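**Student:** Chains as they are written, first to last, in numbering that gives the first Met the number 0: chain F, 0 to 570; chain D, 0 to 570.
These are computed hints drawn from the structure, not numbers from a lab.
None of the values given here were measured: they were computed from a predicted structure.
Do not rely on the hints blindly, as some may be mistaken.
[Stated by the list, open to error] Computed list of lysine-lysine pairs in DSS-like fashion (alpha-carbon distance at most 30 Å, straight line):
no., chain 1, residue 1, chain 2, residue 2
1, F, Lys-151, D, Lys-553
2, F, Lys-553, D, Lys-151
3, D, Lys-565, F, Lys-151
4, F, Lys-559, D, Lys-553
5, F, Lys-159, D, Lys-553
6, F, Lys-553, F, Lys-381
7, D, Lys-559, F, Lys-151
2 protein chains.
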Amino acid sequence: MAYTIGLDFGTNSVRCLIVDVTNGDELGTSVHEYETGQAGIILDSADHNLARQNPADYLKGIEAAVKEAVQQAKKADKDFDTSQIIGIGIDTTGSTPIPVNKNGTPLSMLDESRPLYKGRDEFKDNPNACAWLWKDHTGHAEAAEITELAEKEHPEYLAKCGGIYSSEWFFSKVLHCLRTDPKVFEAAYSWVECCDYIPGVLTGEQKPDALKRSRCAAGHKAMFDQQRGGLPAKDFLAKLDPKLGELRDRLYEKTYTVETQAGKLTEQWAEKLGLPAGIPVAVGAFDAHLGAVGSGIAPGKLVKIIGTSSCDMLVSQSSRQLPDIPGICGIVDGSILPGFFGLEAGQSAVGDIFNWFVNYIQPGGEPAGSHEALTERAAKLKPGQSGLLALDWNNGNRTILVDQRLTGLLLGQTLHTRPEEIYRALIEATAFGALTIINRFAEYGVKVTEVINCGGIAEKNPLLMQIYADVTGREMKISRSAQSCALGAAIAAAVVAGQANGGYDNFAHAQAAMCGVKETTYKPIAENQKVYQQLYRLYSQLHDAFGTQDWSGKMANVMKDLLNIKDSVNP
Amino acid sequence: MAYTIGLDFGTNSVRCLIVDVTNGDELGTSVHEYETGQAGIILDSADHNLARQNPADYLKGIEAAVKEAVQQAKKADKDFDTSQIIGIGIDTTGSTPIPVNKNGTPLSMLDESRPLYKGRDEFKDNPNACAWLWKDHTGHAEAAEITELAEKEHPEYLAKCGGIYSSEWFFSKVLHCLRTDPKVFEAAYSWVECCDYIPGVLTGEQKPDALKRSRCAAGHKAMFDQQRGGLPAKDFLAKLDPKLGELRDRLYEKTYTVETQAGKLTEQWAEKLGLPAGIPVAVGAFDAHLGAVGSGIAPGKLVKIIGTSSCDMLVSQSSRQLPDIPGICGIVDGSILPGFFGLEAGQSAVGDIFNWFVNYIQPGGEPAGSHEALTERAAKLKPGQSGLLALDWNNGNRTILVDQRLTGLLLGQTLHTRPEEIYRALIEATAFGALTIINRFAEYGVKVTEVINCGGIAEKNPLLMQIYADVTGREMKISRSAQSCALGAAIAAAVVAGQANGGYDNFAHAQAAMCGVKETTYKPIAENQKVYQQLYRLYSQLHDAFGTQDWSGKMANVMKDLLNIKDSVNP
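Using the sequences and the hints given, assemble the complete structure.
**Tutor:** Laid out in structure tokens, this is it:
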């Protein structure tokens with residue numbers, strides 16, 4: 000018997016999974032909430048863009064979560080022993096960069112016993128010296144500045160990330176720190192992504208100069224491209240600020256995919272966690288990417304991670320020539336699986352749109368306006384019955400339009416339109432958006448032969464899954480694990496452990512054994528599909544009309560066509 | 000001292016006003032609720048299209064309402080005496096036709112002591128033998144049939160009513176009765192509008208062959224046009240049904256405007272009401288039309304009666320050549336004021352859209368989602384601040400598109416859009432719709448120099464009035480009387496009484512003395528106007544794009560322009 004550990008560092012907590020390498024059974028599982036701030040996030044009442052985390056919470060979290068998961072595993076199987084654990088894998092949120100000193104210690108964690116820097120006292124409670132959480136938007140002006148400069152001088156930097164550099168990404172945050180808190184910037188020898196920091200700590204390979212950096216994090220958020228020479232050129236960064244140019248020398252030249260060992264678990268951490276010293280720790284990656292691995296991603300298999308937004312992940316053999324696919328962000332070699340281009344698409348809001356309707360509009364008050372009540376009533380409606388059509392752009396459109404300055408649209412309301420009809424129209428809108436992504440992949444020769452969904456909404460809302468099946472004309476499968484990200488990390492651990500140690504030689508073998516889909520799937524219903532084909536034509540018309548500069552045409556058909564469809568399904 | 004009585008027969012009740020002819024003071028006022036059915040309306044749980052009224056309720060209502068108003072007047076002024084009452088005017092809902100026998104008695108009111116017809120017993124409780132209330136839609140199939148035949152053979156019949164004959168109108172109802180309850184149709188010697196029936200009763204000129212029919216009712220709802228030979232041709236009606244053709248001979252050849260005496264108050268009714276016998280009773284008209292009179296309508300003065308929907312009324316000298324104005328319904332000589340074309344426009348839903356949002360969507364539950372609470376919060380927003388734009392088409396578009404098969408649209412939602420922002424966007428949408436009507440009149444040379452509003456919403460919602468002022472760039476005035484329809488009827492009464500009897504020679508003089516506007520008015524605020532001019536351009540773009548076949552163009556600007564406006568007002 001052999002087990003691996005998957006550690007999943009989320010926005011509010013760290014989750015630990017102990018997985019049976021032979022069949023993917025989850026023997027032990029635990030969740031540890033971060034202690035600092037609100038639900039683990041350091042906020043600033045004066046600046047709603049700020050979102051930071053205390054890196055010390057991560058370390059406490061490892062210990063608490065692993066110990067608890069080991070306890071659970073022992074309860075589940077009295078023969079379980081920690082000596083059977085053969086490797087550790089890690090996924091985290093991202094881009095979540097941390098300013099560190101030359102030893103790789105986060106500036107917020109320096110204490111007076113290690114007087115490396117002047118002014119260190121002020122760092123302990125300085126959010127700028129902490130981890131800059133993925134959803135921190137303080138660098139929005141810097142993001143615009145980077146986009147502008149790249150458009151002018153290096154448009155190729157933006158080609159793989161949809162043409163706009165985001166405030167959520169590495170250099171926006173680092174540059175904002177340089178501009179607004181130069182003391183922290185000066186004190187930082189380097190910046191490391193959270194998904195690099197954790198493996199570094201566990202393996203003792205924490206020093207920035209030695210740290211094996213994640214291809215996934217670098218390629219997506221730091222404009223890293225090995226073929227182009229790695230990170231953006233020094234003179235480009237220097238034009239933003241000379242000190243940013245200098246920082247490049249203290250970042251990295253190489254990056255690694257998740258089949259690489261970051262190192263081996265140190266004696267110290269082995270003792271702390273009660274695990275065997277020397278077991279391999281995999282190079283880290285972002286949660287969505289290892290979530291795709293844990294859901295069984297492979298060529299042709301689209302993994303949809305549906306939460307507040309959606310991440311739609313595909314892979315394509317690296318040996319194959321892949322065209323630029325307009326609107327698809329993050330085409331990075333090895334970002335998901337080694338040997339494959341990872342293709343990342345997604346919708347800027349899915350669950351967030353339903354949450355908006357329930358929490359901001361609060362239709363029908365409580366309990367009439369809960370997700371459950373609205374879903375129950377919406378499920379009784381037939382496709383097309385309400386005469387409504389919506390665009391899923393309340394938070395902009397990530398794929399395929401890559402335009403944050405798009406907004407929502409609802410059309411077809413009468414004096415009798417009810418909340419559940421709007422709720423269903425919003426679900427349908429996200430389904431139409433999902434189909435648009437699949438079609439874009441197909442247009443460029445990346446075929447989707449299977450769709451695997453994971454995330455809370457996919458598991459909990461059969462209506463949504465059925466609508467997705469009916470709209471896309473494809474069977475909707477659900478990832479077997481409710482914790483696909485942590486499972487993906489455990490799979491990476493099994494691969495870095497290697498076949499000789501009870502693990503696997505490659506991801507395909509590991510995935511075949513360790514992940515799968517649930518028995519319950521959602522198949523398209525022909526009758527519904529027919530109506531949704533008509534509605535999708537109208538959705539596409541609105542999508543292209545409001546979302547693209549190229550479109551030109553008439554609109555007078557839209558309301559009438561919707562009423563005709565409504566009449567045809569309400570005989 | 001001289002007084003007149005205005006009787007206003009509404010959907011749920013009859014209102015009586017006793018008005019001082021010299022200054023329009025309302026000395027006595029009363030409301031009597033109809034007794035039959037739900038809130039005065041006979042409904043059919045098996046057919047939501049059915050809405051009827053018991054004509055006996057009208058007669059009971061006259062007695063109760065007049066007596067109560069007289070009591071009120073006596074309380075208000077101990078010198079008041081009913082001998083000072085010099086005339087009676089009447090307005091009613093419409094089209095509200097009633098099947099009557101040769102004596103003018105509604106079939107539902109025949110009793111056994113007057114055995115004129117066989118089978119009369121069954122009429123008493125038969126809704127088809129009652130008054131067919133304006134909002135009865137049982138004749139929708141017949142309306143479509145009439146429209147189709149008229150389009151083919153007599154398009155001129157539809158030219159003045161917007162191209163579509165409505166299920167709410169006279170012939171749709173009569174034809175539906177013929178088709179579905181031939182016994183009632185056969186038993187009916189004729190059909191009379193409610194606004195003709197009441198004056199007939201009070202004057203004893205009740206027999207259909209003698210009854211002076213209202214120009215207002217005939218011209219609007221029965222396709223009557225004196226210049227064309229009156230009602231639609233016999234052979235046209237006969238093609239719908241031979242018996243409908245025969246009915247034409249028992250309808251009318253002439254119609255009368257509201258300055259005409261219908262007759263004099265009978266001894267019997269004088270005694271019943273405690274009023275002087277022989278005082279003149281004016282020919283009746285529809286409520287909106289006399290409401291316009293009571294609000295001071297005159298050339299250039301647009302009267303907006305804002306309720307669940309809006310009626311926008313203008314008059315133009317009959318001596319002046321008036322072009323067909325596309326989208327303006329009911330251009331009828333004398334329908335509002337004698338000597339003037341009455342021009343009737345309107346929005347299919349105004350208050351009904353806000354009611355839909357509050358009652359169907361129920362945003363924020365109670366009390367957060369009440370009209371009052373939403374208005375209070377919406378009032379704190381600046382124009383353009385929400386980034387939202389709506390079309391006011393939840394119930395179709397009456398003017399200027401004349402298209403019931405248009406539907407609502409809301410655009411610009413984000414994940415933070417709040418109910419009060421939507422509520423304000425809906426108010427703004429109705430304001431943009433109102434401006435579109437004013438602009439259409441102006442394009443065809445009918446200038447609007449003054450806007451007078453009446454109706455509950457206009458009186459109770461200063462935010463709405465301010466937005467209307469800012470959007471239209473015109474001062475919004477409010478009719479002084481809260482009961483403009485009944486006041487208009489009282490004005491008609493003063494005119495039919497004549498100057499010699501303490502009344503007036505013409506409407507201009509009567510209106511000058513008896514009606515006016517409130518001191519509080521709403522003036523455009525330049526800063527708001529500027530933003531609304533930008534928003535109106537976008538509204539017009541959506542309006543033309545979704546509402547007309549001719550429009551063709553781009554849409555990509557809409558969401559961006561809204562965000563730019565939003566950014567400019569949220570510095």
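**Student:** Given the hint that Lys-559(F) pairs with Lys-553(D), does the C-alpha gap stay at or below 30 Å?
**Tutor:** 20 Å, holds
**Student:** Quickly compare the C-alpha distance for Lys-565(D) and Lys-151(F) to 30 Å and report which way the hint goes.
**Tutor:** 28 Å, holds
**Student:** Is Lys-559(D) close enough to Lys-151(F), meaning Cα to Cα at most 30 Å?
**Tutor:** 23 Å, holds
**Student:** What's the verdict on Lys-553(F) and Lys-151(D), does the C-alpha distance respect the 30 Å limit or exceed it?
**Tutor:** 28 Å, holds
**Student:** Are Lys-151(F) and Lys-553(D) close enough, with their CA atoms no more than 30 Å apart?
**Tutor:** 28 Å, holds
**Student:** Keeping to a limit of 30 Å between CA atoms, is the pair of Lys-553(F) and Lys-381(F) held or broken?
**Tutor:** Judged against 30 Å, a Cα distance of about 28 Å means the pair holds.
**Student:** Under the criterion that the straight-line Cα-Cα distance not exceed 30 Å, is the pair Lys-159(F), Lys-553(D) satisfied?
**Tutor:** 28 Å, holds
When the structure is compared with the earlier hints, no violation turns up for any of them.
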